[in-house]
Amino acid sequence: MTNNRTGAVIPQKKHRKFAFRRQKIAPYIFVMPFIISFLIFFLYPIINTVIMSFQEILGPEDITFVGFRNYKSMVNEHFGNAIWVTTRYTFWTIFVLVPVPIIVAVFLNRKNMKGRNFFRSSFFMPALTSVIVAGLFFRLAFGEQDTTLVNMILGLFGIPKRAWLHQRNTAMLVMVVLCTWRWLGVNVVYFLSGLQNIPVEQYESASIDGANEWQKLMRITVPGLKPVIVYVVTISVYGGYAMFSESYILFGARSPGDIGLTLVGLIYQKGFFENNFGVGSALGITLLGIVMIVNLIQLTLTGFFKKESE
Amino acid sequence: MNNIFCITGLKEELYLKKLISLVLVFAFIFAVLAGCAPTGTPGSSTETTQPGSDSKPAAKTTLNFWTFQELHNSFMDDAVETWNKANPDRQIELKTDVYPVDDMHNKLLIALQSGTGAPDIVDIECGRFPTFLKGTPALVEFNRVVEPIKDKLIMGRLENYAKDGKYYGLDYHVGAQVIYYNKEILDQAGVNADDIKTWDDFIAAGKQVVEKTGKPMTTFEITDHWAYYPLITMQGSDYLTKDGKPQLDNEANIRALKLQADMMFEHKIAIIAPGAWHHAEEYWAWMNQGGAASVWMPMWYMGRFTQYMPDLKGKIIIRPMPTFPGGALSAGMGGTGTAVTNQSKNKDLAVDFLADAKLSLEGSIKTWTILGFDPIRKDAWSHPAMEAENEYTQYFGSDIFNTLKDVVADIGPINYGDLYPEALSLIQKNVLFKVLQERSETPEEALKKANDELLAK
Numbered sequence: 314m315t316n317n318r319t320g321a322v323i324p325q326k327k328h329r330k331f332a333f334r335r336q337k338i339a340p341y342i343f344v345m346p347f348i349i350s351f352l353i354f355f356l357y358p359i360i361n362t363v364i365m366s367f368q369e370i371l372g373p374e375d376i377t378f379v380g381f382r383n384y385k386s387m388v389n390e391h392f393g394n395a396i397w398v399t400t401r402y403t404f405w406t407i408f409v410l411v412p413v414p415i416i417v418a419v420f421l422n423r424k425n426m427k428g429r430n431f432f433r434s435s436f437f438m439p440a441l442t443s444v445i446v447a448g449l450f451f452r453l454a455f456g457e458q459d460t461t462l463v464n465m466i467l468g469l470f471g472i473p474k475r476a477w478l479h480q481r482n483t484a485m486l487v488m489v490v491l492c493t494w495r496w497l498g499v500n501v502v503y504f505l506s507g508l509q510n511i512p513v514e515q516y517e518s519a520s521i522d523g524a525n526e527w528q529k530l531m532r533i534t535v536p537g538l539k540p541v542i543v544y545v546v547t548i549s550v551y552g553g554y555a556m557f558s559e560s561y562i563l564f565g566a567r568s569p570g571d572i573g574l575t576l577v578g579l580i581y582q583k584g585f586f587e588n589n590f591g592v593g594s595a596l597g598i599t600l601l602g603i604v605m606i607v608n609l610i611q612l613t614l615t616g617f618f619k620k621e622s623e
Numbered sequence: 007m008n009n010i011f012c013i014t015g016l017k018e019e020l021y022l023k024k025l026i027s028l029v030l031v032f033a034f035i036f037a038v039l040a041g042c043a044p045t046g047t048p049g050s051s052t053e054t055t056q057p058g059s060d061s062k063p064a065a066k067t068t069l070n071f072w073t074f075q076e077l078h079n080s081f082m083d084d085a086v087e088t089w090n091k092a093n094p095d096r097q098i099e100l101k102t103d104v105y106p107v108d109d110m111h112n113k114l115l116i117a118l119q120s121g122t123g124a125p126d127i128v129d130i131e132c133g134r135f136p137t138f139l140k141g142t143p144a145l146v147e148f149n150r151v152v153e154p155i156k157d158k159l160i161m162g163r164l165e166n167y168a169k170d171g172k173y174y175g176l177d178y179h180v181g182a183q184v185i186y187y188n189k190e191i192l193d194q195a196g197v198n199a200d201d202i203k204t205w206d207d208f209i210a211a212g213k214q215v216v217e218k219t220g221k222p223m224t225t226f227e228i229t230d231h232w233a234y235y236p237l238i239t240m241q242g243s244d245y246l247t248k249d250g251k252p253q254l255d256n257e258a259n260i261r262a263l264k265l266q267a268d269m270m271f272e273h274k275i276a277i278i279a280p281g282a283w284h285h286a287e288e289y290w291a292w293m294n295q296g297g298a299a300s301v302w303m304p305m306w307y308m309g310r311f312t313q314y315m316p317d318l319k320g321k322i323i324i325r326p327m328p329t330f331p332g333g334a335l336s337a338g339m340g341g342t343g344t345a346v347t348n349q350s351k352n353k354d355l356a357v358d359f360l361a362d363a364k365l366s367l368e369g370s371i372k373t374w375t376i377l378g379f380d381p382i383r384k385d386a387w388s389h390p391a392m393e394a395e396n397e398y399t400q401y402f403g404s405d406i407f408n409t410l411k412d413v414v415a416d417i418g419p420i421n422y423g424d425l426y427p428e429a430l431s432l433i434q435k436n437v438l439f440k441v442l443q444e445r446s447e448t449p450e451e452a453l454k455k456a457n458d459e460l461l462a463k
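Residue numbers (our numbering), protein chains in the order written: chain A, 314 to 623; chain B, 7 to 463.
Misleading hints may appear alongside valid ones.
Said to hold, decoys possible - Partial pick of chain A residues on the chain B-facing surface, computed with a CB cut under 10 Å:
id, residue
1, Gly372
2, Ser386
3, Arg481
To be verified - Which chain B residues stay away from chain A? Per the calculated CB distances, all over 10 Å, these:
id, residue
4, Asn90
5, Asp108
6, Phe138
7, Lys156
8, Ala199
9, Val216
10, Glu217
11, Thr219
12, Ile228
13, Asp249
14, Lys264
15, Glu368
16, Thr399
17, Glu428
18, Glu450
Said to hold, decoys possible - Listed next, the in silico BS3-like pairs over lysine-lysine satisfying Cα-Cα at most 30 Å (straight line):
id, chain 1, residue 1, chain 2, residue 2
19, B, Lys274, B, Lys321
20, B, Lys156, B, Lys91
21, B, Lys455, B, Lys140
22, B, Lys221, B, Lys172
23, A, Lys385, B, Lys455
24, B, Lys248, B, Lys384
25, B, Lys454, A, Lys474
26, A, Lys385, B, Lys91
27, B, Lys248, B, Lys169
28, B, Lys251, B, Lys156
29, B, Lys213, B, Lys113
30, B, Lys251, B, Lys274
31, B, Lys221, B, Lys203
32, B, Lys264, B, Lys189
33, B, Lys264, A, Lys474
34, B, Lys189, B, Lys321
35, B, Lys156, B, Lys248
36, B, Lys274, B, Lys203
37, A, Lys385, B, Lys251
38, B, Lys353, B, Lys169
39, B, Lys140, B, Lys454
40, B, Lys248, A, Lys385
These aren't lab readings, by the way, just hints derived from the structure by calculation. No residue lacks a Cβ here, since even glycine has one placed at the ideal position from N, Cα and C.
If we strip away everything but chain A, and leave its shape as in the complex, we get:
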């Protein structure tokens, strides 16, 4: 098809052109691994999940198209519980994991703080541990006997022992504590890098104007960190709704009374325990929709899109 045309091109020019093209191609080669892994490991599964959410799958050759039946049968009490638990969990993790790391980061950013490198690394350490190992520790620490760690410490203050993992509110507390312990350091790192971008002059002139520490924090630091806050909230929404392993290790695949049932946990249960990949896929697509909507609302509210159009 192209032979006719290329044959007409003068040879030297062709050579030059080829070198030129090679330079143009190089960037594509460099991004290729990402593109390929995206296509194979993300786009293909997503498309396939959409298709599977309309099917009943009983075996490799035993697949029937069932329309919206999977979506209809997925809506029940447990689905409601899972959305409620996941949403509450996401809310609490954001509620804790934005303000606390900001304050920690502000302290760690001070030049006069002693041992700040030690604290920086020790806050970050939990992020490197496996959630399974950490979760196991938390499960046993929050056990219901009076000899378990948390009950023992609280017992010193005369607080009676309780079955942490078998009551709705305390179960949520344990999940949020586990999440906080694990991700605090990561968010601190984000905020520390954000703090480097706030000019020192602003603090200096504020001091000259007689601003106190609290005013400086609220008027300079927090507004200066806004882009980082938006980013942290966005990934926390995603992380919160995608939570599975924390709940799985604390409660197993069947959390009593759905107290720790997350949406991903429900997908796992439907897909693997009940051999119902169709409903599992329908739930997955619904989860994708929910996360997109929540993030869109949140990004619109924080003015993310406005900035881009300006």
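The hints should help you fit chain B onto chain A, whose structure is shown.
Coordinates of chain B only, in the frame set by chain A:
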């Protein structure tokens, strides 16, 4: 099309660029795919020779075996040795992989769903078995080896893994439901375990124990069903009817749950097991220190005592369950069906081997001597080999099988059906928790609600 590209050189260049990048994309994809191509799936059995095809000493056929129970490994290894001695022309090498329980079932489900990667032989836990019988089972039937010896087997245990008259799994044991008493605590309270025949006896004895020792008579699970399930099956009830319809809220099932609730809240002789079930580390540690006077679990729970509660050695006695008026003396609880997948390249060999390992008299006796399980073959029960001393008789005393002989005739099948895994998980995670822990619903309410949910499927 040519016209479009012939208009200007610029367009041609663009086209070429696209073409080259496209070619590169494909080149990369192929390179990546080739790199990822499986070099040998776990399911592909390497059959080195046709069994019995020539007179030379036959090379071994490799069979892959997945299990979630480390203990089953030693039983199978022993069975392979026995088989290889008896069948020089059909030698076997068993390649065993032990996975965590959920992990293994998930892997198996995906392998069977996708039609590749499954092992030859696999252990499937009974609660998960119906999952694998949905639609056309991807498993091989055992009828050829089961039917000739039907009268010698406790068939209730094979019905559990059957569909449309085809048997797809061979169990390791009967799983007779029994009760374990801590004799030390009963003695302190002045209770004789042999006097406890009915649930009324049990409650009366329980009150005495609580009064004298301050310790609970027994413990209940709220995230699993081993305390609840025998109470309904021993009344002849089940989660599903024979034809697979849900019946969670029938009279017997409500009576059983009420009995549990009464023991906890009215008579105050029972508590929820520390850690919420009888397989929690917390429970084992607590029980090991003499936490409660009894626990009712199936026979296979013996292994948990010897393994995790060593301090109770010599203190625990095994007795038949207390009964409901007119109810059965025991029930077959839990189990693991060993199956052959339809992806196996040596289906016949695998079936013959498993029949030899589990259905033969010798194999059946070994489920006791090696695993401490109650065999699924009736004639093994009265065999002298069953009376020999082992770690279980040392722990529980030598009268284990005398206790068992009385109750085993009452053991029937479980009504498995497509809805079974869901019914089970509703009991395990909703009903027991809401009635016994949260007390947010009465037994009737909770069971009715769960049943309605199943009916809506």
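Going down the list of hints, with the structure as the test:
no., hint, in the structure
1, Gly372, "holds (5 Å)"
2, Ser386, "holds (7 Å)"
3, Arg481, "holds (8 Å)"
4, Asn90, "holds (34 Å)"
5, Asp108, "violated (6 Å)"
6, Phe138, "violated (7 Å)"
7, Lys156, "holds (29 Å)"
8, Ala199, "holds (27 Å)"
9, Val216, "holds (19 Å)"
10, Glu217, "holds (23 Å)"
11, Thr219, "holds (19 Å)"
12, Ile228, "violated (6 Å)"
13, Asp249, "holds (20 Å)"
14, Lys264, "holds (19 Å)"
15, Glu368, "holds (36 Å)"
16, Thr399, "holds (32 Å)"
17, Glu428, "violated (6 Å)"
18, Glu450, "holds (17 Å)"
19, B:Lys274 x B:Lys321, "holds (24 Å)"
20, B:Lys156 x B:Lys91, "holds (26 Å)"
21, B:Lys455 x B:Lys140, "holds (25 Å)"
22, B:Lys221 x B:Lys172, "violated (48 Å)"
23, A:Lys385 x B:Lys455, "holds (19 Å)"
24, B:Lys248 x B:Lys384, "holds (24 Å)"
25, B:Lys454 x A:Lys474, "violated (33 Å)"
26, A:Lys385 x B:Lys91, "violated (57 Å)"
27, B:Lys248 x B:Lys169, "holds (12 Å)"
28, B:Lys251 x B:Lys156, "holds (28 Å)"
29, B:Lys213 x B:Lys113, "violated (48 Å)"
30, B:Lys251 x B:Lys274, "violated (35 Å)"
31, B:Lys221 x B:Lys203, "holds (21 Å)"
32, B:Lys264 x B:Lys189, "holds (27 Å)"
33, B:Lys264 x A:Lys474, "holds (27 Å)"
34, B:Lys189 x B:Lys321, "holds (5 Å)"
35, B:Lys156 x B:Lys248, "holds (21 Å)"
36, B:Lys274 x B:Lys203, "holds (20 Å)"
37, A:Lys385 x B:Lys251, "holds (21 Å)"
38, B:Lys353 x B:Lys169, "holds (19 Å)"
39, B:Lys140 x B:Lys454, "holds (26 Å)"
40, B:Lys248 x A:Lys385, "holds (28 Å)"
Comparing the model with each earlier hint shows violations of hints 5, 6, 12, 17, 22, 25, 26, 29, 30; every other hint is respected.
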